[in-house]
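Let's have the full structure, built from the sequences with the hints guiding it.
First to last, the protein sequences are chains A and B. Going by the numbering used here, the first sequence opens with residue 16, and the numbers climb by one from there. Going by the numbering used here, the second sequence opens with residue 2, and the numbers climb by one from there.
Please note: incorrect hints may appear among the correct ones.
Here are the computed lysine-lysine pairs in the DSBU-like style, where the Cα-Cα straight-line distance is at most 30 Å [unchecked claim]:
| hint | chain 1 | residue 1 | chain 2 | residue 2 |
| --- | --- | --- | --- | --- |
| 1 | A | Lys181 | B | Lys142 |
| 2 | A | Lys181 | B | Lys74 |
| 3 | A | Lys118 | B | Lys35 |
| 4 | A | Lys180 | B | Lys177 |
| 5 | A | Lys24 | B | Lys35 |
| 6 | A | Lys183 | B | Lys35 |
| 7 | A | Lys183 | B | Lys177 |
Part of the chain B face toward chain A, derived, beta carbon under 7 Å [said to hold, decoys possible]:
| hint | residue |
| --- | --- |
| 8 | Asp21 |
| 9 | Ile116 |
| 10 | Asn120 |
| 11 | Phe175 |
| 12 | Tyr200 |
| 13 | Trp210 |
Since the hints were made in silico from the structure, they are not lab data. Glycine residues also receive a C-beta, built at the ideal position from the N, C-alpha and C atoms.
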Amino acid sequence: MSGRTLYDKLWDSHLVSQRDDGSALIYIDRHLLHEVTSPQAFEGLSLAGRKPWRLDANLATVDHNVPTTNQAAGVAAISDPVSRLQISTLDDNCDELGITQFKMADLRAGIVHVIGPEQGATLPGMTVVCGDSHTATHGAFGALAHGIGTSEVEHVLATQCLVTKKMKNMLVTVTGPLGLGVTAKDVILSIIGQIGTAGGTGHAIEFAGEGIQSLSMEGRMTVCNMAIEAGAPVGLIAVDQTTIDYVEGRPFAPKNEDWLRAVEVWADLASDSKAVFDTVITIDGGLIEPQVTWGTNPEMVTGIKGAVPNPAGIVDPIQRGSIERALNYMGLKGGQSIESIQLDRVFIGSCTNSRIEDLRAAAKVVEGKRVSDSLIQAIVVPGSGLVKAQAEKEGLDQIFRAAGFEWRDPGCSMCLAMNADKLGRGEHCASTSNRNFEGRQGAGGRSHLVSPAMAAAAAIAGHFVDVREWI
Amino acid sequence: MQQFISEKGLVVPIDRSNIDTDQIIPKQYLKSIKRTGFGVNLFDDWRYLDPGEPGMDHSARRINPDFVLNDSKFNGATLLMARDNFGCGSSREHAPWALVEYGFRAVIAESYADIFYNNSFKNGLLPVVLAAKELEYLFDKSLGDLPLELMVDLPSQTVKGPDGFETRFEIDSFRKTCLLDGLDEIGLSLAEADGIRAYENTQRQRTPWLF
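Structural data, given as structure tokens:
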């Protein structure tokens with residue numbers, strides 16, 4: 016008998032029923048909610064006269080649309096009335112139904128994919144869903160986690176289940192060790208560059224190999240977070256001692272007898288040695304350089320020592336057209352070196368890279384230096400109130416402020432620019448976020464995705480530089 | 002769920018790959034707490050020359066004459082055609098809401114991102130998958146002086162067009178049934194309430210820390 020993959024195991028242990036028509040009902044252990052994709056679901060539930068199936072499986076917070084300045088002033092002080100209504104609607108819905116919520120300015124509030132793991136609300140072996148595509152993040156804990164739409168948010172609220180179909184298994188092995196100055200962000204960008212933005216469509220990707228196992232939980236979350244940018248709704252990493260050590264003692268984590276039993280059960284959360292994957296890819300982690308995106312989707316990426324591609328050399332007309340369109344939007348010339356790209360803003364934050372380790376890495380580069388005068392703005396947005404507090408305890412805020420960075424309150428901020436934090440038309444931004452789509456960080460804005468250390472170095476230099484030469 | 006059986010209509014060809022949901026409906030409109038009102042902002046950044054914000058009079062904005070959706074020959078079109086990986090990126094269901102409210106009943110593309118594909122069915126929007134060669138042929142036909150008209154039929158899983166064009170597309174049987182019957186998925190799942198409770202009781206023994 017062939018073995019099972021980690022995904023197979025998680026699927027099997029959550030299968031409520033396999034239907035004759037090929038669909039399946041799977042049970043959801045943790046449902047994370049935020050203000051943007053939930054109001055219509057709550058409304059639908061109420062209109063149908065339905066109640067939540069199980070309140071304690073839900074955890075809500077506000078992140079996408081909150082201001083990152085003066086959150087302490089409260090929701091009533093939010094100047095944009097449309098944003099204010101959306102945020103207070105989540106507050107009202109959670110209060111009315113009795114759903115646990117970390118409201119704005121609560122120290123425990125922050126980006127939903129930062130606070131779930133931080134609170135131990137994300138645990139190994141769980142199924143985790145949220146109306147947000149970056150729910151893949153939670154797969155770093157050996158949990159089956161993916162984004163859902165608003166209709167499904169309503170479905171999960173009403174039934175604690177999801178109607179779905181099993182995906183295919185993909186294994187991406189990153190051999191190690193990684194080079195000095197090469198981070199989890201460089202690993203995942205490099206993977207996306209190789210398999211493409213649709214390379215993982217229809218698949219759950221398990222990341223394995225020394226290049227992955229050597230990463231901290233923060234790094235593993237960065238990798239799984241961007242599985243969706245390779246098209247895979249699910250990213251997964253097997254549970255090991257690093258996982259267990261991270262989870263132990265967190266507020267929602269099991270305690271005492273339950274903890275001991277849980278650790279035993281979690282020991283099985285890895286693919287069997289004889290497990291069969293539909294697709295297998297191996298990447299030499301030692302060859303990965305710090306990565307920088309030059310185009311308008313995350314597969315348009317290259318190493319810091321590389322150059323923007325020259326469309327004239329591309330034979331396939333569709334691919335050539337897409338590169339030409341991207342370069343036109345980005346205001347770049349084919350053949351231009353990555354290091355020559357001048358920047359206007361730098362953003363350190365997002366569910367990809369706003370955890371304490373990310374801020375430490377950026378602060379280490381910045382310490383004792385000054386943000387380039389050529390920049391309009393450089394901001395650091397911690398992923399949660401607790402990350403912010405920890406960073407302040409370590410004095411990282413002082414390092415950033417002294418260098419000329421703005422130190423903000425937690426939220427999604429300039430990653431998707433729903434609030435006031437955004438790029439102006441034509442501006443180039445070194446961003447630790449996850450999407451460089453046209454207009455993603457503000458209409459006409461030009462995003463370049465990088466690691467926190469690379470963003471920090473770029474802020475100092477005013478253009479991209481190889482952070483390996485700075486350490 | 003909105004029903005879909007068949008649709009005969011004009012095709013708007015957007016000759017691009019990787020059309021992400023940020024393009025389909027930009028973030029500023031996601032501040033709304035409603036399911037409606039998104040059609041006028043479909044493809045907002047491509048469709049208008051000046052920046053848009055929620056609550057403004059969009060009819061007063063300058064339209065981009067170079068964007069295919071603004072070409073008057075496609076007025077009343079109900080089918081949208083694109084290349085591969087349509088709907089990638091954000092999970093926002095506002096994307097199918099915007100497409101449907103604009104008037105689209107089906108999308109035809111080489112492939113879709115998983116979450117968008119799933120969300121489409123919840124809103125009666127049929128995402129049809131055709132092979133790259135077929136799309137090449139249809140894009141070629143759609144870029145002439147006259148708009149292309151196609152018939153998308155779900156029961157027979159076919160797309161028919163002029164000059165005898167006819168092709169079959171694949172779709173999961175459960176998704177097909179849901180669309181044809183316009184089924185209430187939550188109601189169907191709640192019909193299995195006993196099974197869900199039985200699962201919970203078993204898991205409560207096995208993994209008590211999850212309850």
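Status of each hint after checking the structure:
| no. | hint | in the structure |
| --- | --- | --- |
| 1 | A:Lys181 - B:Lys142 | violated (37 Å) |
| 2 | A:Lys181 - B:Lys74 | violated (42 Å) |
| 3 | A:Lys118 - B:Lys35 | holds (21 Å) |
| 4 | A:Lys180 - B:Lys177 | holds (14 Å) |
| 5 | A:Lys24 - B:Lys35 | violated (38 Å) |
| 6 | A:Lys183 - B:Lys35 | violated (35 Å) |
| 7 | A:Lys183 - B:Lys177 | holds (21 Å) |
| 8 | Asp21 | holds (5 Å) |
| 9 | Ile116 | holds (6 Å) |
| 10 | Asn120 | holds (4 Å) |
| 11 | Phe175 | holds (4 Å) |
| 12 | Tyr200 | holds (5 Å) |
| 13 | Trp210 | holds (3 Å) |
The structure fails to meet hints 1, 2, 5 and 6 from the earlier list, while all remaining hints are met.
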